Amino acid sequence: MYLDLSGSTKIKSNEIYKRFKYRCFKWKKDLRKTDAKERPLDHTLPAVFLWPLTTENATLLCREHNSEKSGKWPSEYYSNDELRALAVLTGIPYDTLAGQPHYNPEAIEHLKIPERVDQLLTKYAAYRQEIIKLRNRILEYENLDFFEHSTIISPAWVRQANQEYQRVIHQESDANTAQDTDET
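Plus 91 on top of the position in the sequence shown (first one is 1) and you've got our numbering.
Honestly, the hints are just simulated from the structure, not real lab data. Treat the numbers as computed from the prediction; the structure is a model and nothing was measured. Check before you lean on any hint, since a few could be wrong.
20 Å max Cα-Cα, derived SDA-like pairs, lysine to any residue [unchecked claim]:
1. Lys119 <-> Asn171
2. Lys103 <-> Leu180
3. Lys112 <-> Asp172
4. Lys119 <-> Met92
5. Lys112 <-> Glu147
6. Lys120 <-> Tyr108
7. Lys119 <-> Tyr93
8. Lys112 <-> Asn148
9. Lys103 <-> Thr125
10. Lys224 <-> Val139
11. Lys119 <-> His156
12. Lys203 <-> Val249
13. Lys120 <-> Glu173
14. Lys124 <-> Asp172
15. Lys203 <-> Trp118
16. Lys214 <-> Thr242
17. Lys224 <-> Ile183
18. Lys163 <-> His193
19. Lys203 <-> Leu94
20. Lys119 <-> Leu94
21. Lys109 <-> Leu94
22. Lys163 <-> Pro192
FRET-style restraints, in silico, Cβ to Cβ [unchecked claim]:
23. Lys124 <-> Gln251: 18 to 28 Å
24. Val259 <-> Trp118: 51 to 61 Å
25. Ile260 <-> Glu167: 44 to 54 Å
26. Asp121 <-> Thr242: 14 to 24 Å
27. Gly162 <-> Thr125: 18 to 28 Å
28. Trp118 <-> Ala216: 19 to 29 Å
29. Gln254 <-> Ala176: 42 to 52 Å
30. Pro246 <-> Asp172: 48 to 58 Å
31. Arg110 <-> Gln220: 20 to 30 Å
Every residue gets a Cβ at the ideal spot worked out from N, C-alpha and C, and that includes glycine.
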């Protein structure tokens, strides 16, 4: 689902390996003689934020560092010097890499097109809970409820998503209130 929304395409692994000189970007370990599973290609900008993995923007990491970075925004994982080098290697603007996590604006625009939303909901209907989680994250961070752009969504799905959203918001609010309580 995330790959569909992000616009990921078939990538040319060998081009990425060559660009990174077959070395883990983080550790600089030579990965030439390792099995392919030991040299995964990283979504430099996380798929959870709907960014694509392409031949141009992928980062070569060893499995250990790929696991450590998983789901993190580059600024949450790399040093400033590494971010500068990564900008050159991937073509991703330094300000994007060094900035705060945010959703891919192109993917967000696609979620405003009724036909695209309806196709997404139909294709991934078996993953209802994951769709609801995505809807609620985007609603929270981007103030966009892409369910509103659907022409076919069941009121039951909307109701479930709204209940889940309210439950999560109240949990966060309760946690913040508990932290602010002075228990002396």
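Quiz item: Range hint 18 to 28 Å: satisfied by the CB atoms of Gly162 and Thr125?
Solution: 23 Å, holds
Quiz item: Would the pair Lys203 and Leu94 pass a check requiring their Cα atoms to be no farther apart than 20 Å?
Solution: Given pair Lys203, Leu94 holds - Cα atoms ~17 Å apart, limit 20 Å.
Quiz item: CA of Lys119 to CA of Tyr93, is that 20 Å or under?
Solution: Outside the cut-off at roughly 29 Å; violated.
Quiz item: Regarding the pair Lys119 and Met92, is the alpha-carbon distance no greater than 20 Å?
Solution: Not satisfied, since the Cα-Cα distance of roughly 32 Å exceeds 20 Å.
Exercise. Below or equal to 20 Å on CA atoms is what counts here, so check Lys119 against His156.
Key: 11 Å, holds
Quiz item: Hey, Lys120 versus Tyr108, does the alpha-carbon distance stay inside 20 Å?
Solution: 12 Å, holds
Quiz item: Within a Cα-Cα threshold of 20 Å, do Lys109 and Leu94 meet the stated pairing?
Solution: 24 Å, violated
Quiz item: For the pair supplied as a hint, Lys103 and Thr125, is the alpha-carbon distance within the 20 Å limit?
Solution: 18 Å, holds
Practice problem: Just tell me: holds or violated, for the beta carbon distance of Arg110 and Gln220 against 20 to 30 Å? | Solution: For Arg110 and Gln220 the Cβ distance comes to about 38 Å; the hint is violated.
Practice problem: Please work out if Lys112 and Asn148 have their alpha carbons no farther apart than 20 Å. | Solution: Given pair Lys112, Asn148 holds - Cα atoms ~15 Å apart, limit 20 Å.
Quiz item: Given the proposed pairing of Lys203 with Val249, does the C-alpha separation stay at or below 20 Å?
Solution: 16 Å, holds
Self-check item: Straight-line alpha-carbon gap Lys224 to Ile183, limit 20 Å
Solution: This hinted pair is violated, its Cα atoms lying about 27 Å apart.
Hint compliance for this structure: hints 4, 7, 14, 15, 17, 20, 21, 23, 24, 25, 26, 28, 31 are broken, all remaining hints hold.
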